[in-house]
Structure formats: C-alpha cells, structure tokens
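Peer 1: So the sequence lines, in the order shown, correspond to chains S and U.
Just so you know, we're using my numbering here: the first sequence kicks off at 1129 and counts up by one.
Just so you know, we're using my numbering here: the second sequence kicks off at 1129 and counts up by one.
Treat the hints with care, since some could be wrong.
When chains are identical, the list treats them as one kind, so a pair holds in a single copy or across two.
[Stated by the list, open to error] Below, a list of computed lysine to aspartate or glutamate pairs in the DMTMM-like style, where the Cα atoms sit at most 25 Å apart:
#, residue 1, residue 2
1, Lys1295, Glu1141
2, Lys1140, Asp1155
3, Lys1140, Glu1431
4, Lys1441, Asp1194
5, Lys1140, Glu1291
None of these hints come from the bench; they were simulated from the model.
There are 2 protein chains.
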Amino acid sequence: MSDLGALGRRAKEAAGALALVPTSDKDLALHTAADLLLERSEEVLAANADDVARAEAAGTGPTVVDRLRLTAERVVAMADGLRQVAALADPVGEVVAGWVRPNGLRIQQVRVPLGVVAIIYENRPNVTSDAFGLCLKSGNAAFLRGSSAAISSNQAVAEVIREALAKTGLPEDALVLVDDTSRESAVAFMRLRGVVDVLIPRGGPSLIAAVLEHATVPVVIDGAGNCHVYVDATADLAMATEIVVNAKTQRPSVCNAAESLVVHQSVAGELLPTLAEALAGVELVGDLAAREAEPSIGPAEPEDFATEFLGPKMSVAVVPDLDAAIAHVNRHSSGHSEAIVTADLAAATRFTREVDAAAVLVNASTRFVDGERFGFGAEIGISTQKLHARGPMGLRELTTTKYVVHGDGHVV
Amino acid sequence: MSDLGALGRRAKEAAGALALVPTSDKDLALHTAADLLLERSEEVLAANADDVARAEAAGTGPTVVDRLRLTAERVVAMADGLRQVAALADPVGEVVAGWVRPNGLRIQQVRVPLGVVAIIYENRPNVTSDAFGLCLKSGNAAFLRGSSAAISSNQAVAEVIREALAKTGLPEDALVLVDDTSRESAVAFMRLRGVVDVLIPRGGPSLIAAVLEHATVPVVIDGAGNCHVYVDATADLAMATEIVVNAKTQRPSVCNAAESLVVHQSVAGELLPTLAEALAGVELVGDLAAREAEPSIGPAEPEDFATEFLGPKMSVAVVPDLDAAIAHVNRHSSGHSEAIVTADLAAATRFTREVDAAAVLVNASTRFVDGERFGFGAEIGISTQKLHARGPMGLRELTTTKYVVHGDGHVV
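The following block holds chain S by itself, in its conformation from the complex (with noise of 0.2 Å):
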C-alpha cells in the first residue's frame, strides 16, 4: 500500500498554496490542462483502452463497460467542462456578511476554500478532471481515489493534468491521485483526519454505506434519489402526464429520476389508465387503489416504494388527501427531490413546506434538480444530508468561511 498520509500531506501543503492563488492564475491553468488534454488525447484513449479490455476480459457489463470507455468526443467533453469552470466566478474571498459591533470591531465573515476535498468514486474517468476543476477553481486541492477499473485512464488524466498545473507555476500536488485502488487503501482514505476537510463520495449505495460506517474525516453524502411526483387533485392532468414521463423516462438512470408515483384517489381513475400508456415500457407496481383504477399495474411488494429503481419500473400509491401523501413521501423520502403537481395555491404551500427534502418543486419535474440546471454551472453532487450544503453543489459548497475581524487595540 503506497503511504496514503504522505500523500495526503503533499495534497494538504498544496492546499495552502491555492487558497492564495488568484483567479487568474487558476483560470489559466484550467485552460491549459483543457489544451493538453486535447494535445495528449491518444495517450489518454490508449490507456483508457488498457482499462476497457481489462474490464471486457474480466466479464464486466455492458453498461459497467459504457461509463468506463472515453472515446474522442468524451475527452473534448471533459476539456470543455474545464473551461467552463474557468469561465464561473471565482467563490473564493465573497464577503458573506460584515458588520461592526457598537464597541467599533468590525467583522467580516469571508469564503474561504474548505482545503483538501477527497473524493471517492467509481468507473467514470471524467470525474478525475471533472472535481479537479471545480476543486482548483475553488482554491481547494482535490484527493482522489477512482476505482481498480478505471485506474489507467485516471493516471493518464491526472499526469496531463499535473503537468499542466506545473507548466502554469501552481503545485502539481493540487491533484493527488491514490493508485492503490485496494479495499484497505480505501477504508484508510476516509479516515484521515487533520489531512482531508471533507470526503465527497460518488458512487452507489454501497460505497455510500461503507464511508458512514469507516469514515472519520467530515462528510458530504452525495446519496440516492427516491424521487416522488405527488398528482394532487387539481392538478391539470396533462401537466401531470407531461411531468411524470419526463421525471421517470427522460434518464432513468440519474438520481433526480422519479421512482415513485403518488396520485389523489379523486384523479386517479382518470390519470392512471392514461399515465400508463404514456409511459409504456415502464413496469408500474401499485397498491389495491392504483390496481383497480388501471388493471395493468401489478402488484407492489412494501419495499417498492422505498427503492431507487434507477430503470424503467415506478411505484404507484394512491391517497385519500394531502395530509396521506405528505406523509407517505416523508415516509419513503430519501431526501433528494419531492414534487406536487396541482393548482392549489394552499396544497402547492403545505407540500413545500411540510415536505422534508433538498429540493421540493411544484409543477415541475423532478430532474431539474441538478447544479447545471440550477445554474450553478457545474456541480461536484448532489448533497441529501443537512449539514454543510444540501442539493445541488457548485463552487460555493465547496468553500468554508473565515472571521476576519479588525479592532484598534480592543479588549474585552
């Protein structure tokens, strides 16, 4: 096991370097990792070759196989994505708030970059320059453990990367790359304490599982998505019809991807036959109600309705009110995106309010939830915990803030 503290520390004395680096200067390295990327494009293919035979040989997947390969227009993807970042405003030194005390201190409360973001993920190599620009254009150095599979891909993107960090004067050492891509590597990662600020983990739930039960570093968790739509009974149906397809088909595979269907019983005998047949190709489970209003439905085990499908199957309950779909969707709730489709100014207030989530939308669907939708440009995750940052995550929560407080010899 190559020594991960050591490595740790050279990603943590970085991180002192950047939180100083102007803006600038961070953009032009952005850039010119974007340049070399292009530049160095077959080198980057080639290892990521080596990864995809290696996963082919070894019986992975098709759709494992798919989010490992790169191909040319996956890098231009990822250089671009560079410079997008390079062209956000910098988070770093926002004067969150400022006042002076009746005693004449002054106090401003500054952004400041976290320091070291470890992150933690699985096959996509694009995450690699991906939560490297944000983190650099955060001032923050990013620690990062991808998978065993995609191990070549990500060590040729972060030597393209590094050398484009030392061609521009900053520390190479802004990326840290763990190779050791073993089980023990990654349980000793989440437990550096006093070297990372916060771990990031990207991946499914049992990467989720293993970082709450190993980690004693600050976490951010970036966590599963059951996503209701609620069809209240004033609801204009073809609106609902609209947003249910769109939340559950247009990328089932994504965490802001409606799992779970919620309809009034007063529309359900309505909505539900029709709702069927626009989503055709989507296995629907329901209970005895959403059964006997469109007969193709078949039966929901209890578990149904907890589960993060992430493919074409949805779950369909249906409630006498507003207070029973309250509670079933804080029930089930993973905490991630809620949304009530309806015209009632009054159902549209309870449900924002009562609904305990990171997102709750009304009369819109529920793949919104997402940080370039939300126009924060780019996103590292999207947080379902409370603390920290909830939600989509841009630039801004991946900063911390300072005191900074200015006195003429004051003393207490």
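Let chain S serve as the given structure and place chain U on it in line with the hints.
Peer 2: Structure of chain U alone, referenced to chain S:
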C-alpha cells in the same frame, strides 16, 4: 439502558411539528419556560443540591463542583437566557437566495430547521435550558444527554421546560433528555443515524475524542482553542501588552483565551520584560530567544506550543519574521482564533489571509470570538471545523436550507 432509539424517534416526531410552528408560539413557550423556571426555582435547586452533595461525597474537586452548582442567581440567569433567545430574530423561513432561470423556473433557497439537534455535554446544568432555548427558537427538537453528575439537576430543569411546552401547546418532546448516563448509552447516542441530524459535543478533549471515534451521525466539533497572539515588529507595544494580558488572563479557562505568544525578534527585548511583569502570576515558558530576552521565562517543552493550558500558563516563541510567525501559528493552531498586533497594513493582510483558523483578529483580543460578542445574541458553541459552520454558532448555524422550485409544467 432506556430505549434510546425510542427517545430519539420522539424527538424526531416533535421536530417535524416544530419546523412549522410560528415564531410567536415559540417565543411564548420560551417566556413560559422562563416564568416556570423561576416559579419552580426551589425544586430545581433542591435537585441540584442532591447532585452537589453526591459530587462532594465522591471527592469531586471544587472547580467541577462549582460548574455543577446552581444558585438562585444562576436560575435567574437561565430564565433570562430563554427570554433573550425569544427576543432574537427567527432564522426559519429566511430566503437565503432566489433567482429565475432563463426557462422561467423560479428557485428559492429557504432556511429550515435541521431537525433533531443532539447535544452531549458535561457538568453545567444551565446547558440544558440554554441549548433547549436555541434549538426551539430555530425550530429544532433538542435531544440532550448531560453527565451523570448533573442528572438530577438536568431532569428537574427538563421537567419544568417540558411542562411549559405542554402548557403552550407545543410538543413536550421538543426537549428530550436522555436519563441513562452510562458510557454505552453515550456511544449509542452518537450512532443514531436517521434520527439525529447533527450532534454537537460540548466538553473537553476526551469527549471530543470519543465522538470522533464513535459517531456515525453528522457532527459539528466545538473544539479546543490553542489561540495565539502574534506581536509584530511594528506593533504598538502598549496595545500589545494590553491585548496579551486580556487574552490570557481575563478568563483563562475558556477556549478563546490565548495560550501562546509569538513575538517578532526586533521587539522581543523590549516587550517581553514588560509583559512578564504585566502577566505576573502566569507561568511563561519559551524558546531560547524568549528566555534570553526575559530570564524569568522558563524552558518550554515542544508540546507546550501545542497545549491548551486553560490556566495561568503561556508559551512564548520568538520569530525572525512574519513568515515564521504565520508558519508557527499554522503549525500549532487548533483552528480557533488567532490574533496579530501590528501597525503594518501588509502584515495584517497577510496574517488574516494566510492563517487558517475560524477567526483571525487584527489588534483585538482573541476573547472577542464568541457568539455574544459577535452580536449573535447567544451561541450553542464555537465550531473549529470547516464543514457547515465555522466559528461562533448562533441560531442560523442551527439551520439548513431547502430549495423550493416553482414551474408551470416545466420538463427537461
């Protein structure tokens, strides 16, 4: 062991209701609790007398007994504390940010309570009412676990407050006190994932270490303060003396008291003899240069520079320049509060930018870093971590946010 999980679920259920309670109802409950504390003062003092007698019989030292002891005045102060919190602005519902996307989608980021705030604390029984007050005002349920030494006092205070809650129609479980003060119960308390939204330990290093080791719930660390005062070459030495004396001696037992003095070599010869006199009663230990400048300074062990003495002892280091001062502070800082005394603008700017701490002060005592002195009205603690909250934590730091998104049938 009582069923901690069941207690936690009661707090969680109360939290769901509290999030929706109007400010006026919360304020009424705070005033009612204050009234009732005074009315039932004798009962609280009698319970406290039991705790004190038990502690004294067990041979507990006078400092600890003093922290444990309530007096009529202290009960009045507890009641006043609740009234002060009632007078503060309610952070819940604040719209932190809001914007409209080019497609017309309206996004608001709204401040909401965290939910269940768990606090584990040591002897002071006033924390029971102080913590409750801040939690209630910010719409959270307070899930409290005090020490075994203070159990009778805590139970008496909690009973009075729960009665006040019931009297004003709020859920009694807005305050849930854990009555099992065993070690196992403490560990179980730190692992109530899905129940506890944040755990704030208030106590010494061994409590913090136990939390870091065992907690699986999100934590905000109210950590140690190895606070430095750096006296720069250009400092007004009279001002420096006043600030150092204040920071060290005005209340040595608290986390924002100074523990370490760093002096530029060009002023050490003039400053240290004066300061040694002004700090009469404080044991000074220093490096060679410090001892050459002032012979009464004893030799420092390396660990002295990293120690939070919380008493009449201070380390002294002499540095050749600002770089060395910043490096010394960053090496030994616990990330709490660090001060520079200087007349040099560039030195002040560099120190505030480059020192990594929750608060950096220019020409002011570290003792100002405190929720009251910052103007927050009250504080639940001072965070020395970077995630979620950093520095003094008031009502706002006991909240999270929720995105509320409005569309008109928007789909991706």
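Peer 1: Determine for every hint whether it applies to the structure shown.
Peer 2: Okay, the hints, checked on the actual structure:
1. Within a single copy, Lys1295 and Glu1141 get their C-alpha atoms as close as 19 Å, which meets the 25 Å cut-off; across copies the closest is 56 Å, which misses it.
2. Taking the shortest alpha-carbon separations for Lys1140 and Asp1155, only the intra-copy value of 21 Å comes in at or below 25 Å, while the best inter-copy value is 46 Å.
3. Within a single copy, Lys1140 and Glu1431 get their C-alpha atoms only as close as 43 Å, which misses the 25 Å cut-off; across copies the closest is 22 Å, which meets it.
4. In this assembly of identical chains, Lys1441 and Asp1194 lie within 25 Å of each other by CA distance solely inside one copy; the values are 22 Å within and 63 Å between copies.
5. Taking the shortest Cα distances, Lys1140 and Glu1291 sit within 25 Å of each other inside one copy (19 Å), while across copies they are farther apart (51 Å).
In terms of the numbered hints stated before, the structure departs from none.
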